[in-house]
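> Residue-level listing of the chains:
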Amino acid sequence: MAQKNTIPFGPQHPVLPEPIHFDLVTEDERVVDAIPSISYVHRGLESLVEKRDFIDFVHVADRICGLCSFMHSMGYCQAVEEIMGVEVPLRAQFLRTIWAELSRIHSHIFWLGVAADAFGFESLFMQALRLREPVLDIFEETTGGRVILGASKVGGVRRDIDADSLSGISKRLAHLRPQLEELSNVFINDYSVKHRLSGVGYLSKEDAYTLGCVGPMARASGLDMDMRAIGYSAYKYLDVQPMIETDGDCYARCLVRIRENFHSIDLIREAIGKIPEGPIEVKVKGAPNGEYMSRIEQPRGEVIHYAKGNGSRFLQRFRVRVPTFSNIPAMIKILKGSEIADVPNIILTLDPCISCTER
Amino acid sequence: MNTIHEIVLNWGIFERMLAFVLLAPLVGGLLAGIDRKVSARFQGRYGPPVLQPFYDAFKLFQKEKIIVNKFQDFNIVLFLLFTIFSGALFFAGADLLLTIFSLALAGTFFVLGGFCVGSPYSHLGAEREIIQQVAYEPMIILVAIGMYQVTGSFKVSVIAQYELPLILYLPGVFAGFLYILTIKFRKSPFDLSMSHHAHQEIVRGLTTEFSGSTLALIEIAHWYENVLLLGMVYLFFGFNPWLAVFVALATYLFEIFIDMNYARFKWQLTFGSSWLFTAVAGVSNIIVLSLMR
Amino acid sequence: MSEPQHITLIDKDQLVGISAELFAEGYRFVQVGCATLENSYELTYCYDKAYHLRNFRITLLPDEEIPSISVIYPNAFLYENELHDLFGLNVRNISIDYNGTLYRTAIKTPFSIENVKQPVPPQPKPEVVKEHPESVKEKTEEL
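Chains as they are written, first to last, in my numbering: chain R, 1 to 359; chain C, 1001 to 1293; chain L, 2001 to 2143.
Don't take every hint at face value.
Claimed, not checked - Chain C stretches covered by chain R per the calculated footprint, using a threshold of three residues with CB under 8 Å from any CB of chain R:
id: 1; stretch: 1118-1129
id: 2; stretch: 1165-1175
id: 3; stretch: 1186-1192
id: 4; stretch: 1258-1265
I should point out that these hints are in silico values taken from the structure, not numbers from a laboratory.
Here a beta-carbon is modelled for each residue, glycine too, at the ideal position from N, C-alpha and C.
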């Protein structure tokens, strides 16, 4: 019927401020095929283990991504600590959990804003980014950095948060909650947002499973998959509940993230209530000899940090399997048959983090 | 205001046209500036100075001229000329139907300008622009028909001086016109073909491939077009010039408010809803009027 | 509390069979990890079911080929292209083969044996070395 057009989507595209490229083969406004290509900014951080010793490498791991930076360093430290048999003090584990959950809130609010921008709701975008600020302020006050925290280290954490600051964080989150509810209300109830999101980009539970989806993408399709359930760090002491939706469309993915925001606030407040006194780090001696695959739940899903050492100060191999990499096959599957107008929403509800992918 | 009105009435047809050609860009640019400022305040930002659209236009004229092909500029110049022409006709008090059709012609040249370049974004934008035109055009014609039914004339000068308030006879038509004004102003639920911000799936749609002075011409054409459209709002309240100017400005602010509160619709909903609204509000109003007479 | 790490060593010919079996059992394909050793590659295929990770390890010589499992697990194509682009391994019959264009790296196959310098574990401490000859001396004296 119609002639086939190829529409280049990215690596420079205003909706998607990250360097991923799709060749969208379209008939009128319908996408019939999508071919992804990545690696426009591959940085070779995995290869850097040859040049940095395993203690210094935490900083490199921190810089894998801007939005989930803390979780990368946390995953890396966990892997190395497990290899070396280091017992991390409980207080450090709780602190890590608090920062990790704050990162999740910060990432999800940012995502909400960018998604609003993608479906043309500029005022919502501005509001969302404004709500992200208090979280960044907490980061700045507790670690000194707003985006790259550099708080994690092998054997514990670098900084402690005193009791006053902890209760301050708790209060500020309690204050953030109603504002977040107001924002979420628009996403959940607004007619035009529903028009753009519900029924768009459907992914069935079976497809999500066989295509290896992780994180909110999998949970929105009804899969009970949240790596926090493994009980790493201090999560084993907290009441973690995976947020699951069953619709599998963009709207469900949006809902999952909104609900996770509130759940994260609850988790942080719970952790602040339960945090024990004690040291925040232990001294680490020797060098890692062995291998470990540490799995943690990032805002975007399961991330795997694999470290392998042979007793030298330099690791033999460090690998990150990032959630975006795992979600790309599902993204291609949904894009086929969608409309051009839905493409930004589909890509964004997956929350691609190319910075992670191009590690 | 009444004295200004009288002065305008004493002008000849060419003087009125000249006044429009000179004043409309100033008013349109100022409105665009207010739009940006108010939008920014709605979003909790400070926003640019009110005169920013003028600075932008001047800056664009100074930019290097990059033309994809020679038909591109030709189409845009025609777009601008026909927009000015239809606006001048309107403010000279000529035929309303002629104004509407020449405005549609101007829009067609704009679409052709989008089609004559190679970019797929521009093509998609042009396709969507056509869909939008099909969506809003019936309602604009209904405005002319409704006004004719009440006043018995298509002459803008006659309609504007009609003593009885047109709005009382044409509430449905006015509501329908407000609806499609959102499309014409390229405001949020219906900014499919090109939005003010390039954060869209088709980048900047129709205007993706335009730059420099050509883009400035497009901007200026939109200023003219906006003034013309607000002039049409004025006609509904022509019995009281003060009220009419106030309502025209209020309409503009209302459109900004709508812009802030909606995500972008898809073309199916845009098309369907505007025709539905045209049918329910516009056509029923016209039918009731013809039964009353 | 650490997550248990089960690694089963398998042969490369078993890979497709095991993958098909795991697929039938309802396992999800998680990743292919690869590490460069002195003169071979160590591939780890990970599958997960209900938070239980199972890893299968294949040791591969540089000129050996491995079969693709992208027929069974469609999402494996990205990892297999990664193996080809970063490690220079030959993977047979990938469903979507980028032919080496998935990663644009400055040097081709940055993790291949030629490009990876293995870290050297610290040498035994000098004291240990001193003790050794002494003990040998003592022994010889005794003798």
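> In terms of beta carbon proximity below 8 Å, does the stretch 1258-1265 of chain C have 3 or more residues touching chain R?
Since 6 is at least three, the answer is holds.
> Do three or more residues of the stretch 1186-1192 of chain C come closer than 8 Å to chain R, measuring C-beta to C-beta?
Per the Cβ count (4), the hint holds.
> Please check whether the stretch 1118-1129 of chain C has three or more residues whose CB lies within less than 8 Å of a CB on chain R.
holds (count 5)
> When I compare C-beta atoms, does the stretch 1165-1175 of chain C have three or more residues closer than 8 Å to chain R?
violated (count 0)
Against the hints set out earlier in the document, a violation occurs for number 2 only.
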